[in-house]
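Engineer: Taken in sequence, the protein lines are chains U and W.
Mapping of the first sequence onto my numbering: position 417 corresponds to residue 417, and the numbering continues sequentially without gaps.
Mapping of the second sequence onto my numbering: position 61 corresponds to residue 61, and the numbering continues sequentially without gaps.
Because the hints were derived from the structure by calculation, they are not lab data.
Do not rely on the hints blindly, as some may be mistaken.
Computed cross-link-like contacts, DMTMM-like style, restricted to lysine to aspartate or glutamate with a CA-CA straight-line distance of at most 20 angstroms [to be verified]:
#1 U/Lys62 <-> U/Asp100
#2 W/Lys44 <-> W/Glu26
#3 U/Lys736 <-> U/Glu454
#4 U/Lys62 <-> U/Asp72
#5 U/Lys536 <-> U/Asp406
#6 U/Lys199 <-> U/Asp216
#7 U/Lys297 <-> W/Glu26
#8 U/Lys511 <-> U/Glu454
#9 U/Lys297 <-> W/Asp9
#10 W/Lys12 <-> U/Asp275
#11 U/Lys62 <-> U/Asp96
#12 W/Lys12 <-> W/Glu26
#13 U/Lys62 <-> U/Glu91
#14 U/Lys297 <-> U/Asp150
#15 W/Lys44 <-> U/Asp274
#16 U/Lys547 <-> U/Glu405
#17 W/Lys44 <-> U/Asp277
#18 W/Lys44 <-> U/Glu91
#19 U/Lys297 <-> W/Asp28
#20 W/Lys44 <-> U/Asp241
#21 W/Lys44 <-> U/Glu269
#22 U/Lys297 <-> U/Glu143
#23 W/Lys12 <-> W/Asp28
#24 U/Lys199 <-> U/Asp277
#25 W/Lys12 <-> U/Asp274
#26 W/Lys44 <-> W/Asp15
#27 U/Lys297 <-> U/Asp140
#28 W/Lys44 <-> U/Asp275
#29 U/Lys62 <-> U/Glu90
#30 W/Lys12 <-> W/Asp39
#31 U/Lys177 <-> U/Glu63
#32 W/Lys12 <-> U/Asp96
#33 U/Lys536 <-> U/Glu454
#34 U/Lys199 <-> U/Glu127
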Amino acid sequence: MTRRCCDIETPPPITLDETHVRVGFHVALAGNPNCGKTTIFNALTGARQHVGNWPGKTIERKEGQIELHGYDFTLVDLPGTYSLSAFSAEEIVAMDYLLDARPDVVVIAVDAGNLERNLYLATQIIETKLPAVLALNMMDAAEARGLSIDTARLSAALGVPVVPMVARSGRGLEALKAQMFDAALNREEPCTCGCTPEKLVDYGREVEREIAALQDIARTHPVLRHRYDTRWLAIKLLESDPNILARVSALDGTEALLDAAQAGIRRIEAALGDDSDILITDRRYGFINGLVREVVKRPPLDRHTRSDRIDQVLTHPLLGLPVFAVMMWLVFQMTANVSSYYVDWIDGVIAGPLTRWTAALLGSVGLGGTWVESLVLDGVFGGVGGVLVFIPVLAFTYFFIALLEDSGYMARAAFLMDRFMHWLGLHGKSFIPMLLGFGCSVPGVYATRTLENERDRLLTGLLVPFMSCGARLPVYIVIGVALFGARAGTLVFAMYILGIVVAILVGLLLKHTLFRSDEEAPFVIELPPYRVPSLKSVLLHTWERTKGFVEHATSVILIASIIVWLLVSIPVTAAGEASFAQVDAENSALAAVSRWIAPAFEPAGFGNWQSASSLVTGFIAKEMIVSTLNITYTGEAEVEEDVATTFWQDLGEIGLTFVQATWDTIRATLSLLPGVDLFANEPVDPVEEAGGNATLVATLQSAFTPLSAVAFTVFVLLTAPCVTTMAALRHEFGTKWMAFSVGFMLTIAWLGAVLVYQGGRLLGLG
Amino acid sequence: MSPLYAVLDAIKNADGPVSLSRLGRELDIEPDALQGMIDFWVRKGRLRMQGALPGSATGCGPAGCVSCPVDGPESCPVLLHMPRRYEVVGEQ
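Using the sequences and the hints, build the whole thing.
Structural biologist: Shown next, in the form of structure tokens:
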């Protein structure tokens, strides 16, 4: 069934008229991932498929049968690969099959819309001189983009038949079968006499000289000359392909060829100044690039996809940053407004039925009125409950962030910030740790390992804690809602922006003083195309992140809340009049310690012991600030009016209030649309709208002025990080730099808060 | 200049970060083909790829996130997914 190109003893090609013997042919189906290869395979074989694994691999092997003009064809679907080298298991499987099984035909599936990349593998396969047919698939998509491909010219340049087709609809399928049939019946064996057909790619004078020399040696080898096309073999040896080197080394009498290949590589590299395989790859890409320019005609705007056009605005050096700022403001605005109804609902459940049930349970086992009841209701419910109330806030924040992530916008935001930092003279790569810092400072600090330069790494590590981590968000919300009502979202947004601005300013200051460093390495960044976010993916991200918050709240915050409760329960002043867990918070150990610190915050407008104690416990974890405010200001967990209800009534109430919260949330969401206000006829109560602990909100309103509240949140934003971040800083940069970070941040936070408060007063704002 | 070297040179000489799509337009190379060339340079060690989670680099440290129950950065709930970026090796 085969012939050699110049062997006069080889019989002429067999045609169907000359033989009626049914024989089997092997066809390999090769191609890049996502080029429609499997669709072609299914279209050709239909249901006649067998699925297994490649020997010794976990890579799927699909085999199918097809009958053409009375001949059986076995189709083997090779793994999708981008090249025919030995860089991945898939590539090795594909190469081994082509070299060992030597199929009668190789159908090379190519995505017509991505010709330039797909032709890389195609040229490598064609160079093996195995009979090949190029299946130019997905022509409909290419045509829809306005691409016009000169298939005749492409076929002439590659030296193989080219079949334009759309496997999905069956267009071109019969033509492909006909070409497969012809190629199989007219198969040529690799040439061994030196009359190799015209070379596909010209690799340049120096490389071609070495290829020719290696071919001369290979032709003298009795096995190699029959097993491989000698030109292809020479190219692979000059590329130092490990798979081919192993195959050749395994044969006797190949030492001279291998030595010549090594010498050839040395000569090429000496002459051209780069690795031999790079030079060969470069010429191959050059050939493909030129070919594509010749055979593909595209409309002028084709290079600009819809994503590109959107990017012209969203990643514009000047427009991009304001758009980013507006986008983030919208996220926080929506989060604060929309989530408040669920916050109210959770607070109602914790302060109402849950507290009543627990109190009743403790009472039934004789623990009512004891320190155990105080621990559970005041310590655990007051501390952990005060944090859990903010689950909806975080869930909605994570939801909107996931929405932006999934749409592809967050990649643009990262790109923008990166470019912005570069423009400021900071290391652009710092954006990864700093963006991570918005979630949690700890991974942000560890992410500084991506920076090679020690000074850049340290500088970035010191800046990460300035990014407002998720744990600070509840503080902004509770203060914002209590003091600013519906404008709480603006306060939250302002804090995030302030964190970034301070980090940049501090970065610039340190960069030009303590941390002078070289310019960063140039880089390119991948921007994925925009897409409609997948609801499943967004909800999954939201769930994962919220779950992490809840787990944190129920472990560390629980322990910290108990510690704070202990400090609040230990009587210090008026010791003779109060016993453990029976003392007023203002006479507790925590109050005593905090009163000693509180005067330091007097210039910032919040020099009371409650605020000071929350800032102290905030060192354990930032979530503790809200818990401590809750415990110290309210004295105990909020308990709703004691009304006699049954268990089932409570359950019904929980369900009803949940439905109401959902309905209010839907209305609040719709009210975000311009010109829509579904609450127009309802009076707005800021405390109720806050949904949080009404007692705490009311107390905060009397304890803070709007100005001192802003100063307090500024201090929370800029103050020293939590102990875990400190441990991360110490681990990464040593005790000295950790101490520097803590001291530096405390100073900046104090100065920032005082500046806000005193500056505001000077301006007549407070 | 041939496209493979043109890609490397364009990244080396870029004034600030460049997006892949812009680079493809400037060099008149299809985005997928450009990705293939970049992958080649990464394999050759001339470019270095950094994704959202570059190995242990963004991993949790020995301290972890206090009581963070997840095993590593892959399952960390607070990490944001970052775009991949490629930088020239040995240019810093």
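Engineer: Hint by hint, say whether it matches the structure.
Structural biologist: Hint check results:
1. U/Lys62 <-> U/Asp100: It holds: about 17 angstroms lies between the C-alpha atoms, which stays within 20 angstroms.
2. W/Lys44 <-> W/Glu26: violated, 23 angstroms
3. U/Lys736 <-> U/Glu454: Between U/Lys736 and U/Glu454 the Cα gap is close to 15 angstroms, so the pair holds against 20 angstroms.
4. U/Lys62 <-> U/Asp72: Holds, at about 17 angstroms.
5. U/Lys536 <-> U/Asp406: Given pair U/Lys536, U/Asp406 holds - Cα atoms ~10 angstroms apart, limit 20 angstroms.
6. U/Lys199 <-> U/Asp216: At roughly 16 angstroms apart (the allowed maximum being 20 angstroms), U/Asp216 and U/Lys199 satisfy the hint.
7. U/Lys297 <-> W/Glu26: Status holds; Cα separation ~18 angstroms.
8. U/Lys511 <-> U/Glu454: holds, 13 angstroms
9. U/Lys297 <-> W/Asp9: Roughly 27 angstroms between the alpha carbons, so the hint for U/Lys297 and W/Asp9 is violated.
10. W/Lys12 <-> U/Asp275: holds, 19 angstroms
11. U/Lys62 <-> U/Asp96: Satisfied, since the Cα-Cα distance of roughly 16 angstroms is no more than 20 angstroms.
12. W/Lys12 <-> W/Glu26: The hint holds at about 14 angstroms.
13. U/Lys62 <-> U/Glu91: holds, 16 angstroms
14. U/Lys297 <-> U/Asp150: holds, 8 angstroms
15. W/Lys44 <-> U/Asp274: Holds, at about 11 angstroms.
16. U/Lys547 <-> U/Glu405: Holds, at roughly 18 angstroms.
17. W/Lys44 <-> U/Asp277: Holds - the C-alpha atoms of U/Asp277 and W/Lys44 are around 10 angstroms apart, at most 20 angstroms.
18. W/Lys44 <-> U/Glu91: holds, 17 angstroms
19. U/Lys297 <-> W/Asp28: OK: U/Lys297 and W/Asp28 at ~13 angstroms, within 20 angstroms.
20. W/Lys44 <-> U/Asp241: Holds: W/Lys44 and U/Asp241 sit about 13 angstroms apart, inside 20 angstroms.
21. W/Lys44 <-> U/Glu269: It holds: about 15 angstroms lies between the C-alpha atoms, which stays within 20 angstroms.
22. U/Lys297 <-> U/Glu143: holds, 11 angstroms
23. W/Lys12 <-> W/Asp28: holds, 17 angstroms
24. U/Lys199 <-> U/Asp277: The hint holds at about 18 angstroms.
25. W/Lys12 <-> U/Asp274: Distance ~17 angstroms between W/Lys12 and U/Asp274 Cα, so the pair holds.
26. W/Lys44 <-> W/Asp15: violated, 24 angstroms
27. U/Lys297 <-> U/Asp140: holds, 15 angstroms
28. W/Lys44 <-> U/Asp275: holds, 9 angstroms
29. U/Lys62 <-> U/Glu90: This hinted pair holds, its Cα atoms lying about 14 angstroms apart.
30. W/Lys12 <-> W/Asp39: holds, 16 angstroms
31. U/Lys177 <-> U/Glu63: With a Cα-Cα distance of about 16 angstroms, the restraint between U/Lys177 and U/Glu63 holds, given a limit of 20 angstroms.
32. W/Lys12 <-> U/Asp96: violated, 37 angstroms
33. U/Lys536 <-> U/Glu454: Outside the cut-off at roughly 41 angstroms; violated.
34. U/Lys199 <-> U/Glu127: Within the cut-off at roughly 8 angstroms; holds.
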